[in-house]
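Protein sequence lines correspond, in order, to chains W and G.
Each residue of the first sequence is one higher than the one before, counting from 15 in the working numbering.
Each residue of the second sequence is one higher than the one before, counting from 15 in the working numbering.
One thing to keep in mind: the hints can contain errors.
[As the list claims (entries may be wrong)] Each computed DSS-like pair below joins lysine-lysine, with the alpha-carbon atoms no more than 27 angstroms apart:
1) Lys28/G - Lys21/W
2) Lys283/G - Lys20/W
3) Lys28/W - Lys21/G
4) Lys20/W - Lys21/G
5) Lys20/G - Lys21/W
6) Lys28/W - Lys28/G
7) Lys20/G - Lys20/W
8) Lys21/G - Lys21/W
9) Lys28/W - Lys86/G
Keep in mind that the hints were calculated from the coordinates and are not lab data.
Protein chains: 2
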Amino acid sequence: MQGLPKKASREQSKLHNYRLVFKAIYDGGAISRVDVARLTNLTPTTVSSNVAILLDEGLVQEVGLAPSGGGKPATLLSVLDDGRHLIGLDVAGHELRGTIINLRGAIRQRQTLALNGGNVLEQLYQLIDQLLANTHNPVLGIGIGAPGVINTTAGVVQQAVNLGWHNLALRDLLGKRYGLPVYLANDSHVTAIAEHTFGSQRNAPNLVVINIGLGIGAGIFINGRIVGGDAWGAGEIGHVVVQPNGILCRCGHYGCLETVASTSALLTKLDASLPQAEPWTIAAIQTALANNEPTVRAIIDEAAHYLGIAIANVVGLLNAQFVILAGSLAQLGNDLLQPLRRSLAHHALQTLVAATDVQVSTLGSDIVTLGAAALLLANELGIVRD
Amino acid sequence: MQGLPKKASREQSKLHNYRLVFKAIYDGGAISRVDVARLTNLTPTTVSSNVAILLDEGLVQEVGLAPSGGGKPATLLSVLDDGRHLIGLDVAGHELRGTIINLRGAIRQRQTLALNGGNVLEQLYQLIDQLLANTHNPVLGIGIGAPGVINTTAGVVQQAVNLGWHNLALRDLLGKRYGLPVYLANDSHVTAIAEHTFGSQRNAPNLVVINIGLGIGAGIFINGRIVGGDAWGAGEIGHVVVQPNGILCRCGHYGCLETVASTSALLTKLDASLPQAEPWTIAAIQTALANNEPTVRAIIDEAAHYLGIAIANVVGLLNAQFVILAGSLAQLGNDLLQPLRRSLAHHALQTLVAATDVQVSTLGSDIVTLGAAALLLANELGIVRD
DNA sequence: CTCACTTAGTAAATTCATTGGAATAAGTTA
DNA sequence: TAACTTATTCCAATGAATTTACTAAGTGAG
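Model the full assembly from the supplied sequences, consistent with the hints where possible.
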């Protein structure tokens, strides 16, 4: 049903330990060679030789001496944060967003391109060209988050209705054009990778990120790995039925989570039930909630109620400790979290609720580009747990 | 938040490749050294030396020559199926079940012990003693599936209310007593391991097994690994709320899946709505369904309806291709599957439904002991994909 | 029947990353 | 200043995989 694992060779071992050393330094902040050896169980000799390579590659630097504890003071090592720059792209519904970040996720450049209705691929080239034109650090590669069904292993966009892409071999196209490593993944999956790499719960082995915007999607880490699904369709949580006889959803069923808890559904509902001169926005909701506007709060509470049911299902199934809300609705913060947590407590086992921590993402609107770039960290530099 | 991966050493490489060779032979049935080399990308020399060890260990045997294809005929290798015997234990609600199986999952011995209300651990010792007394093949170790919250990594039963066990270090106790490797896991998780190792969809990277008996639990494989959860509580699917204002469940909430679709709930319902001289049993349901008894069919259809909703949630979240039903209710076969598939189609995205295959387990009532023994195959012999 | 050819498997020499022990560097403490 | 610590490097040894050469054992053409 599937191939065998890869063989172990000297090269593989070497690469593995090289990455292990890098990761120890990456996680360690400022750490000496001996401490890396202690942490990794590698011998000091092996660590030294790998550190020599890392210094040579410009990925690591020596940053001074540690205070002596009765012997030769240790030379502290740390990652050269801008030793590589990473390109992260977000192919959103109506615009292309691109950022260049360093190895720590610090944003060094940001470009946006509103889609003009023409060839999306050409505009993507244009955006990448712009980003590259303004960078002078060595670029590690290109990471892309896009909506739709994306075969990450093959680097192919199998289906992206909004973009008109069908079986587009995006990885190979970009790889050939720019001569750089390219990785792509579904945008919801990519948000989870962003949280796993740069978020408040980085490195948590089990992590669910719920992305609430025009639709609702989830990205899932289980046992330290992203869940893609057998047909690259994992995380379609927006079409869980939470209201057996609810509103018709664009998917053809009734009462999907998206119809009651997506940002677009809420804005539509507010425009209908509480009309204003301007259409409702997230900012307007925040203001209304600050003023304790009862109708608005009731609508948000209801959405939180249904999100709580959906999250209860997820937590019951996976027992993931961390559930993180991202996307535009996450901006509501505690106004969303509090009713959601109440609903979760009503719909999941007490022990599981106690073992679950629902939070709001701190990564903001760059989450997709950050996650796209993080694909490179994971695949090219091995910044990922086993 | 978590430790670093293990370092790569020569020993590790050696073990890895040794296991790789074994797995290739295990999967290959009867395969030559060269074909193992082709399959694994190992060099013929490396394969030969590992095969020599496997022959010496009595795990593999030479089983004749392949027809020549214009050169020296290949010597075929295959696993010596009874080269090791595995002990699998099922700590069930009211009895202890133990089997001895060989490397292919063939059952060589079966023992049952009805719990007498006394010390469960003592009775477990007794059962193992009996099993060991009647075996003369080398025993690889002991695997255990038990209800409750089980920390597989530590080998500790954290909580098993029915058994009165709390933080019981079962692995170390048994390991010390018998001098054998011991592994334990939650019984629902173990059913998934059984399917993954011996079932019709063995080696499927993503696999969900739904175990329907007194309660409802799930065991999940994602990316080729069992999902334990951060607090060892993954798979608690029985307490998903499917009927917002339903019956009170033992967990304190209302309308849990268990209250409408567990075997016990169905039998209770039948006893109430269609009383008979004898209490209802699965066998009686089968007979009634064969006679197209309308009330019984309606009750089963309703349960299937709710199971379909729960499975739609799972499939939407994980996009696992294979969903396998096990436990006593699975004996109903197509009478359960057909309405369940209809319900699934109504509650999940069409593309996901098309990518999902719901089946009934073929492993029968030995599924837990088989899975428990399979823990040994995975951990001691590496019969598991990466 | 012999010779050229093919394929399977083994043996010996080579490679190279890890290992282990000794040497060196650079401090602290009595 | 001497004794001790701790960090790091140097160097020879190890051992598993690899490479290359070789043997084993068949097929098929002439």
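Hints, one by one, checked against the model:
no.: 1; hint: Lys28/G - Lys21/W; in the structure: 10 angstroms, holds
no.: 2; hint: Lys283/G - Lys20/W; in the structure: 52 angstroms, violated
no.: 3; hint: Lys28/W - Lys21/G; in the structure: 10 angstroms, holds
no.: 4; hint: Lys20/W - Lys21/G; in the structure: 17 angstroms, holds
no.: 5; hint: Lys20/G - Lys21/W; in the structure: 17 angstroms, holds
no.: 6; hint: Lys28/W - Lys28/G; in the structure: 14 angstroms, holds
no.: 7; hint: Lys20/G - Lys20/W; in the structure: 17 angstroms, holds
no.: 8; hint: Lys21/G - Lys21/W; in the structure: 16 angstroms, holds
no.: 9; hint: Lys28/W - Lys86/G; in the structure: 37 angstroms, violated
Of the numbered hints listed earlier, those contradicted by the structure are 2 and 9.
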